[in-house]
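K.L.:
The listed protein sequences correspond, in order, to chains A and B.
Each residue of the first sequence is one higher than the one before, starting from 1 at the first, in the UniProt record's numbering.
Each residue of the second sequence is one higher than the one before, starting from 1 at the first, in the UniProt record's numbering.
The set of hints was computed from the structure by calculation and includes no laboratory data.
One or more hints might be untrue.
Quick look at which bits of chain A chain B covers, simulated, 3 or more residues with Cβ under 8 Å [unchecked claim]: (1) 60-70; (2) 96-109; (3) 142-148; (4) 162-171; (5) 218-231.
Over 10 Å on every C-beta distance to chain B, these chain A residues come out as not near it, computed from the model [to be verified]: (6) A81; (7) P126; (8) S284.
All of these numbers come straight from a predicted model, not from anything done at the bench.
Yeah, the Cβ is synthetic: ideal placement off N, Cα and C, and Gly gets one too.
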Amino acid sequence: MSLKLDRRHFLGTAAASAAVASLPLRARASTPFTMQAAWINDAEFAGYFIAIDEGYYADESLDVTYLSGGPDVIPESTIIAGRADVALTTPDTTIKAIVDQGAPFKIIGAQYQKNPIGIVSLVSNPINEPKDLIGKTLAVPPVNVISVNAMLALNGIDPADVNIVPYAYDPTPLIRGEIDASLDFTTNVPYTISQQGVEATSFLLYDFGFTIYNDTVVVTEETLAAKRQDLVGWLRASRRGWEENFKDPNLWPPKWKDSWFAGTGRTIENEIFFNNAQQPLMESPAGFMAMTEEGIEANLRALSAVGINGTRDMFDTTLLDEI
Amino acid sequence: MAVEATGPWRGLRNATILLVIWEIVGRLDLVAGGALPGISEILFRLWQDWADYPRHIWATVYASTLGFIIGNTIGIGAGVLFALSPTALRLFRGVNIAVFALPPIAIAPILVLTLSGMAPRIVLAALGVYFVTMTATVIGLSQADSRATDVIRAYGGGRWDILRQVQFRGAMPSILAGLRVAAPNAVLGAILAEFGGGGRWGLGAYLLGSLGRGEPDRLWGIGLVATVIAGLSYAVFAVLATRTIGATRAVTLNTAVPDAAAPAGSRLGRGALTLGTIALPFIVWWGFIKLTGVPDLISKTPFGVVDYLFLGPTAETAQARLLAALAETLPITFIGMAAGLGFAFLLAISSRLFPRAIEAFMPIALVTQTMPLVALTPLLVLILGRGTSLTLWVTISVTFFPAFVTLAQGLALVPRSAEDLPRAYGASRWTEMRMVTLPASLPYLFAATRLTVPRALLGVMIAEWLATGKGLGNLLNQSRGFLDYGMIWTVAAVSVLLSVVFYQGVVIIERRLLRRLGMATAE
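Please take these sequences and the hints and turn them into a complete structure.
P.N.:
Structure (structure tokens):
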């Protein structure tokens, strides 16, 4: 089965980018550039909103179009279809696709140094570590079952000992005790649950051996070849955005009440909680969006525990070096 | 009964009683610890949240209107073509059944993969209306008054004159009735695509953002708004129909796939036609992918799926996973079909025996048809758990309504004189039902079964996706997590294929049985 991009599509893109490259510098003042986010608008993407609003992308001659995600949106699909230049993905799915299907992806940066996904439970019925899950009911979004199985395997737990049911985006079954725990962003759900007058506790899969990034920045090999400078510019501006965001995590979410966060169905207070909670998960001695050798090594090690055998060359750190 | 209320007052009284019960049950948190809030709580929340709504409503109305227009234009155009050419009708029968039977939740991810922006919403809305309107057009056009067509012919009019001056006029009530039934479908299709498709605006997108809050009053509020939009779109065409032609009102249409008379010609010609009928849906599928120009990696043609399932390096595990999922999904689907049909049947009989009780039930029934199931299922889980009973109730709620309407129609059409006979001999209401009404309405039972059978698979897949984590519905979702595009397309194709097979199975049994009993198919 051939999994290469079709040739006409490739030639078209290549020709278009060659045409752009040949233009004089001033005419390149705003290169159209599209990014595909992983979910609906929330604090998870604050750094990009700042970089758009404050003109950091414009400083890099990029005219950024931002596409939000949703349950049916597979970010990697958007870049394969040529509708976006970069996508924010989960590294397990991306690397599995490269290994299994020969998908032409490269990971060029990572937003979360520690994956914020964790096991959330109620203080009244706490799940404090993986072995507490034995005999319990855990709700997991079907797309994340792969991560949970990895964490269980790394901790020597038979997945058959945990009753895994689908998580339908609604914490009500957890609050009402229909399930014992759910898998979700630990930066987000504990707040929602506290709003219902119940206290939540959580732990990260990352802290129990599943040491992967999240919101990895993924491009196709052809985009990497054709738009390298734009990608470096995008990474640089995005890093600026995140630096600005964490100067005061309480500052930005209220400003977007009527823009980025208008009508999302979520509250600004929730976004402020989210923004504070995600700071320690994103910081890296090498700067925001960074990928260190130890980090990449940890990703590959964790994934190999579930039979996803990625290699170092699936990560390209040379763009980060150019920032 | 002490007071005999009549007409609209009785309806109002029943509705009031229902709302009061809802309010009390909700206020006292009797359902699953408050998963069903009181109606006043829902309305208050709606009023508080109102600032959020206009842009979402606008996006939903925009996408569903565009889909409605496109789907109906194609539907009416195709209907005219099919009415003029029985060969075309036969050739497109496969496509038509596939469009009728396809489970939207399997198609939505495919549309989001291959199209962008508003397109998936519009297409899903259009798919929801095409079949109903096409069928209504064919039925309307073919029921033209033959005396009027004879007049045109006698005065030297051609085929086009007949179509324009007689058939179209005669078909108007039927077409308008089709548009009326189609309108809420467009709204629901748009909302489903909004939920998954990652746009910022639309009630589906708002629902997704709101689900994470664990606040049932917000979810019910969104459901209520969706219900009102769907209801209004129905009402607009109902008013339009009565204003323009004063036709009688039907809640739904008979959605039997119109069948052409057996074509004349050689056996070879007929064989070629049958082959074309089967091949055409696959050609449409292939053409769609070539038109969108999406790379092979993510969009699979029919050949791509065959390759994935039988020839590729992972074919063996793919088959195993698919078969395991089918083994989980199919048994419960058959039980779900029976349950949905049985429920509709009980309801239809009850509507004859206890008309008042059923009248009061109808508003609830309507709400279950327009409340997005993604909002309702997490709440149903609290009441029913995640076992078989939840799957069955979701399936019943997806299937019973059109079947009930069809059955009720059938029961109502039994000639009075036939019913009077057993009564004259002192038979009870039930005996009369058993001996006359039920056998006489057999054609409608089959028509209802045709409606139920493809939708049962949809209901089961929704429950699997959101609650039980088994079968095809779960396989579809996990495949997205693994970027397993081959499996995403395979599940979509298999679910459509199964629905078509179920439908065609009923049609074959129906023809055999009714022919033996000397009855006509209810079209």
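K.L.:
Each of the hints needs a verdict: does it hold here or not?
P.N.:
Against the structure, the hints come out as follows:
1. 60-70: holds (count 4)
2. 96-109: With 5 residues closer than 8 Å to chain B, the stretch 96-109 of chain A meets the three-residue bar; holds.
3. 142-148: That given contact holds, which follows from 5 residues of the stretch 142-148 of chain A lying within Cβ reach (below 8 Å) of chain B.
4. 162-171: holds (count 7)
5. 218-231: As far as the stretch 218-231 of chain A goes, the hint is violated, because 0 residues have Cβ atoms under 8 Å from chain B.
6. A81: Violated: least Cβ distance 5 Å, not greater than 10 Å.
7. P126: Holds, because the least Cβ-Cβ distance between A/P126 and chain B comes to about 19 Å, which exceeds 10 Å.
8. S284: 26 Å, holds
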